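With chain W held as given, fit chain Y onto it using these hints.
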Amino acid sequence: MVQPLLQVRSLDVRYGAVQAVDGINFEVEQGEIIALLGANGAGKSSTLNAIAGLVPTFGGEVQFDGQNITNLRPEMLPGLGITLSPEGRRVFGTLSVAENLQMGAFGMKDPHEIAAAWDRVYTLFPILAERRDQFAGTLSGGQQQMLAVGRALMSNPKMLLLDEPSLGLAPKIIEQIFELITTLNQQGVTILVVEQNVSMALEVANRAYVLANGRIATSGAAKDLAASTNLQNAYLGGA
Amino acid sequence: MELFLQQTVNAFALGGTYALLALGLAVVFSIMGLINFAHGELMTIAGYVLMYCGLAGISFVFAVPLALLASTFAAVLMERVAFRPVRNSSGATMLVTSFAVAMILQVLFQNLISVRSQPVLLPEALSGSIMIGGLVIGVNKLVAIISTVIMLIFLDRFLSKQKYGIAMRAAAEDFAVARLMGIRANTVIAGAFAISGLLAGVAAILWVSQRASVDPLMGFTPVLKAFIAAILGGLGSLRGAVAGGFLLGFIEIYLAAFLPPALQEFRDPIGLGLVVLVLLMRPNGLLPAASLKAEKV
Chain W
1 MVQPLLQVRS
11 LDVRYGAVQA
21 VDGINFEVEQ
31 GEIIALLGAN
41 GAGKSSTLNA
51 IAGLVPTFGG
61 EVQFDGQNIT
71 NLRPEMLPGL
81 GITLSPEGRR
91 VFGTLSVAEN
101 LQMGAFGMKD
111 PHEIAAAWDR
121 VYTLFPILAE
131 RRDQFAGTLS
141 GGQQQMLAVG
151 RALMSNPKML
161 LLDEPSLGLA
171 PKIIEQIFEL
181 ITTLNQQGVT
191 ILVVEQNVSM
201 ALEVANRAYV
211 LANGRIATSG
221 AAKDLAASTN
231 LQNAYLGGA
Chain Y
1 MELFLQQTVN
11 AFALGGTYAL
21 LALGLAVVFS
31 IMGLINFAHG
41 ELMTIAGYVL
51 MYCGLAGISF
61 VFAVPLALLA
71 STFAAVLMER
81 VAFRPVRNSS
91 GATMLVTSFA
101 VAMILQVLFQ
111 NLISVRSQPV
121 LLPEALSGSI
131 MIGGLVIGVN
141 KLVAIISTVI
151 MLIFLDRFLS
161 KQKYGIAMRA
171 AAEDFAVARL
181 MGIRANTVIA
191 GAFAISGLLA
201 GVAAILWVSQ
211 RASVDPLMGF
221 TPVLKAFIAA
231 ILGGLGSLRG
241 AVAGGFLLGF
251 IEIYLAAFLP
261 PALQEFRDPI
271 GLGLVVLVLL
281 MRPNGLLPAA
291 SLKAEKV
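Protein chains in written order, with UniProt numbering: chain W, 1 to 239; chain Y, 1 to 297.
Possibly wrong hints are sitting among the right ones.
As the list claims (entries may be wrong) - Simulated crosslink set (DMTMM-like; lysine to aspartate or glutamate; CA at most 25 Å straight-line): (1) Y:Lys163 <-> W:Glu130; (2) Y:Lys163 <-> W:Glu113; (3) Y:Lys161 <-> W:Asp119; (4) W:Lys172 <-> W:Glu113; (5) Y:Lys161 <-> W:Glu29; (6) W:Lys158 <-> W:Asp119; (7) Y:Lys163 <-> W:Asp133; (8) Y:Lys161 <-> W:Asp110; (9) W:Lys158 <-> W:Asp133; (10) Y:Lys163 <-> W:Asp119; (11) Y:Lys161 <-> W:Glu87; (12) Y:Lys163 <-> W:Glu179.
Don't read these hints as lab results, they were simulated from the structure.
None of the values given here were measured: they were computed from a predicted structure.
The shape of chain W in the complex, shown without the other chains:
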């Protein structure tokens, strides 16, 4: 049996006395799109941040590509082939678009690989090429999201962690973002996406895990979950 690309075992994240993630297990196979769903405060972002090393894990283990990356410092991950595009985009607003992308390729040494990464990102997002000398802070929300994803792609990752890529964007832009997720996946990038936009996420994902109160409440194939009528009411706070 082939080992999953990302394997999370009994992951435990605590902020002081608050238990944000309570012993969850899940895995992502090479080439999949996996959605992590749940209401506000269910522990979705904490899970991603713990995988990326931004918050310490209290217990459990994270395996990526056969390596134990539990509590590894965040700066080590791009070199291993996994990057996080954080919640709220967090582009460097005082840097130009090109400088943001250059930072995404910070750890890369091979000039050919770097040139290929620029090509790929500018082909995916022609608007970023057009605005390369503009401060990232002056871009629209949708363009900033593209920059955040482009920046995460610059290190040529095997796996991309996306935290709420549709947050605060217009419906039309959200559609583009989900199309992009499919495109990237077709290019061979494995994707773990945290989303509040359940219907869109289930449309593109292969499988999904639904978190509630730091635990996995339910999981399964995306189309089965999309068909289940009580998913919204039970775990996602109505809406």
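Same frame as chain W, now just chain Y:
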């Protein structure tokens, strides 16, 4: 008019030194949220290296790079030994740590070197003066202004063109996300300290060249002024630190030159009053940092 121009040259020289020091504080603060009050002791170290080089008969031309090397190295060492263990602590913890480092170094200077002020041998040329357009300008003032300009250009090029410079700006804006890019926290912070040490070294040489002496508490006053300058400019903002440094230099020199003799003893309160006035109008400083909100990790 001539007096005014003369004093303007003096203001640029003093303001430039404050600007370099304020920049050193701002570089470190912008990256890790630490106000390093031991920055002054980096100056003192550079000053003592100049003194010992003079005693050993080493030419000033070699003493200057040695002094810069010493303050840069000391800054990196300071980070490694004193500040890395408290890196993720609150601003207050780091501030108190920096006071402790400053005091330990002051006591070491007092016990190992001398409590008293020591003369520093300077090249004759520095104490001369030249005539430019009817103005008599001290060579040391001119050197101060030129050195400041060179340092500012150097730093600006580094931060805007070099990969590591851009990484420092990225880390100053959002440290956590910079790390996600693969930018190593230790490298960036050590780099920030190295730059601050270099700036402190240049400022020390300029400071000593006006006074020709060094004492264990030499760094305290200029760094306090630089701290005021950094606040005036907007704490954590590099351009603000430069602007604040020059503004404070101008305020001090013009007050000293043009305040009536009866008011001279109130010079400092009046100067600080002006600083407060500026801050009342611009509470975040002249050129505030882009991202005070960004979380420091």
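Against the structure, the hints:
With a C-alpha separation of about 22 Å, the suggested pair lysine 163 of chain Y and glutamate 130 of chain W falls inside the 25 Å cut-off, and the hint holds. A threshold of 25 Å between alpha carbons decides the hint, and for lysine 163 of chain Y with glutamate 113 of chain W the separation of about 17 Å falls inside it, so the pair holds. Note on lysine 161 of chain Y and aspartate 119 of chain W: the hinted pairing holds, with a Cα-Cα distance of about 21 Å set against a maximum of 25 Å. Between lysine 172 of chain W and glutamate 113 of chain W, the direct Cα distance comes to roughly 33 Å. Violation of the 25 Å bound is thereby established for this hinted pair.
Among the hinted pairs, lysine 161 of chain Y with glutamate 29 of chain W is inconsistent with the structure: their alpha-carbon atoms are about 40 Å apart, more than 25 Å. Proximity of lysine 158 of chain W to aspartate 119 of chain W is assessed by CA-CA distance (about 17 Å); at most 25 Å being required, the pair is judged to hold. Between the alpha carbons of lysine 163 of chain Y and aspartate 133 of chain W the distance comes to roughly 16 Å, so the proposed pair stays at or under 25 Å and holds. Our distance criterion of 25 Å between C-alpha atoms is met by lysine 161 of chain Y and aspartate 110 of chain W, whose separation comes to about 20 Å.
Pair hint lysine 158 of chain W plus aspartate 133 of chain W does not hold up; C-alpha atoms about 28 Å apart against a cutoff of 25 Å. Restraint check for lysine 163 of chain Y and aspartate 119 of chain W: the C-alpha separation of about 19 Å stays at or below 25 Å, so the hint holds. Proposed proximity of lysine 161 of chain Y and glutamate 87 of chain W is contradicted: the alpha carbons are some 29 Å apart, above 25 Å. Restraint check for lysine 163 of chain Y and glutamate 179 of chain W: the C-alpha separation of about 32 Å exceeds 25 Å, so the hint is violated.
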